[in-house]
Amino acid sequence: MQREEKQLELTLEALISQVADLKNSLVSFIYKLENEYDRLTWPSVLDSFALLSGQLNTLNKVLKHEKTPLLRNQVIIPLVLSPDRDEEIMRQTEGRVPVFSHEVVPDHLRTKPDPEVEEQEKQLITDAARISPDAAQKQIQSLNKMCSNLLEKISKEERESESGGLRQNKQTFNPADTNALVAAVAFGKGLSNRRPPGSGASVQSGQPGAGAIIAGASGMQQVPMTGAPAQQQPMLAGVQMAPAGQPGKMPSGIKTNIKSASMHPYQR
Amino acid sequence: MEAPPVTMMPVTGGTINMMEYLLQGSVLDQSLESLLHRLRGLCDNMEPETFLDHEMVFLLKGQQASPFVLRARRSMDKSGMPWHLRYLGQPEIGDKNRHALVRNCVDIATSDNLTDFLVEMGFRMDHEFVAKGHVFRKGIMKIMVYKIFRILMPGNTESIEPLSLSYLVELNVVAPAGQDIVSDDMRNFAEQLKPLVHLEKIDPKRLM
Chain A
1 MQREEKQLEL TLEALISQVA DLKNSLVSFI YKLENEYDRL TWPSVLDSFA LLSGQLNTLN
61 KVLKHEKTPL LRNQVIIPLV LSPDRDEEIM RQTEGRVPVF SHEVVPDHLR TKPDPEVEEQ
121 EKQLITDAAR ISPDAAQKQI QSLNKMCSNL LEKISKEERE SESGGLRQNK QTFNPADTNA
181 LVAAVAFGKG LSNRRPPGSG ASVQSGQPGA GAIIAGASGM QQVPMTGAPA QQQPMLAGVQ
241 MAPAGQPGKM PSGIKTNIKS ASMHPYQR
Chain B
1 MEAPPVTMMP VTGGTINMME YLLQGSVLDQ SLESLLHRLR GLCDNMEPET FLDHEMVFLL
61 KGQQASPFVL RARRSMDKSG MPWHLRYLGQ PEIGDKNRHA LVRNCVDIAT SDNLTDFLVE
121 MGFRMDHEFV AKGHVFRKGI MKIMVYKIFR ILMPGNTESI EPLSLSYLVE LNVVAPAGQD
181 IVSDDMRNFA EQLKPLVHLE KIDPKRLM
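As given, the protein sequences belong to chains A and B, one line each in that order. Using full-length UniProt numbering, you'd call the opening residue of the first sequence number 1 and step up by one each time. Using full-length UniProt numbering, you'd call the opening residue of the second sequence number 1 and step up by one each time.
Pulled out of the complex, with its shape left as it was, chain A reads as follows (with noise of 0.2 Å):
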């Protein structure tokens, strides 16, 4: 006994502030359609809209939750009645029941549905009772394929549409660029003395100022760095240089110097 009412009190109290949260959250979208109608977008009714319902599920949670007692059960009844003003009723209203009297107390306290809703429902009832079981069943088992096919096409478009939204933003880069660029800079991967000879050039420019040879032209052929450095290697250093085609072989002299030398040339 002590506990069913217990829980009675906790299930009210969450009730109670459940449909508080759920009046503010009416109150504040009423204001906004009154107030800013020429500013709303959709959007935002949509945020109201869904607020809303997010607080109906959490009411319905707490009405199915296992600690509720049947409400069904218990009866609700008015011990007085008067038409004087009522101070602790008008302040629990905030002022929209000033009275608990006759008139206020059938609709607030009310149990049945309206006539005509209760109408509606008997007429559902009937063509309810009307079909066969067997009937009932199949319409039933098609609404439910209906509702999953509907659900797994919603599913499927959503999840194409963010690995969709995912690619497109994936795109920012692409790492083969990446590489190539780093490739080029590091060791000149792909830039302009690499090209292999274009339009009418010699292989090797033994002779400086050959004729064929435009200035300039990019056909001057390099061979890779990476081969063997022995080889004789004619190569262009900038406009400024007029011997071109130096063999690349170096004074020994020079070479010890650069031996020697630690890394900064002009160390004391």
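One or more hints might be untrue.
Dumping the calculated DSS-like pairs for lysine-lysine here, alpha-carbon to alpha-carbon at most 27 Å [stated by the list, open to error]:
id	chain 1	residue 1	chain 2	residue 2
1	B	Lys-201	A	Lys-189
2	B	Lys-147	A	Lys-189
3	B	Lys-201	B	Lys-142
4	B	Lys-205	A	Lys-189
5	A	Lys-189	B	Lys-138
6	A	Lys-189	B	Lys-142
7	B	Lys-132	B	Lys-201
In case anyone wonders, no lab produced these hints; they're calculated from the structure. Here the structure is a predicted model, which is why all the values come from computation and not from measurement.
On the provided structure of chain A, position chain B as indicated by the hints.
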């Protein structure tokens, strides 16, 4: 003919050995604007700085297999700037925890007869390119977003064509050796640029 590893170098005065910590990535042309916006927000509040540089890479071939590489860079749009000579060592094979590529680096400002000097010393130009883009700074970190242009006629920097449809994004820090905490800061910064750009340490040897 690479410089001996840093730990063996005697500290005999002069310059401290500086290391370059590097992370690289790329961004497609169409996403460049969003990247620049993000960088403008993340980086130090400065005037957006663009640059147009012409870089030439010189090689000195010795008897050994690997040539000595020096990079000479000059500014094409800013007058009066010195030429920039740079040496970059081999990437240090650190532990996997190091998030950035680390290599020895020496930076020297020179006058504009650098190419003559290098050729006289025996260097030969291996390749050149033009880099055009933006540079941002955040503390000691420098972020460069630039497009590499291939030079069609050697020496003629007017006739250039882009190498690819992407911009190269580099995050680098030049700091004294041994400050590995720098690479953690770099990684945190790189996280903030995802998923627009994936900055990672790319070993150039893998791409040869």
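Each hint, compared with the structure:
1. B:Lys-201 x A:Lys-189: Holds. Lys-201 of chain B to Lys-189 of chain A sits at ~18 Å (cutoff 27 Å).
2. B:Lys-147 x A:Lys-189: holds, 15 Å
3. B:Lys-201 x B:Lys-142: Answer holds: Lys-201 of chain B to Lys-142 of chain B is near 15 Å, not above 27 Å.
4. B:Lys-205 x A:Lys-189: At roughly 12 Å apart (the allowed maximum being 27 Å), Lys-189 of chain A and Lys-205 of chain B satisfy the hint.
5. A:Lys-189 x B:Lys-138: Violated - the C-alpha atoms of Lys-138 of chain B and Lys-189 of chain A are around 30 Å apart, more than 27 Å.
6. A:Lys-189 x B:Lys-142: holds, 24 Å
7. B:Lys-132 x B:Lys-201: holds, 22 Å
The earlier numbered hint that this structure contradicts is number 5, and it is the only one.
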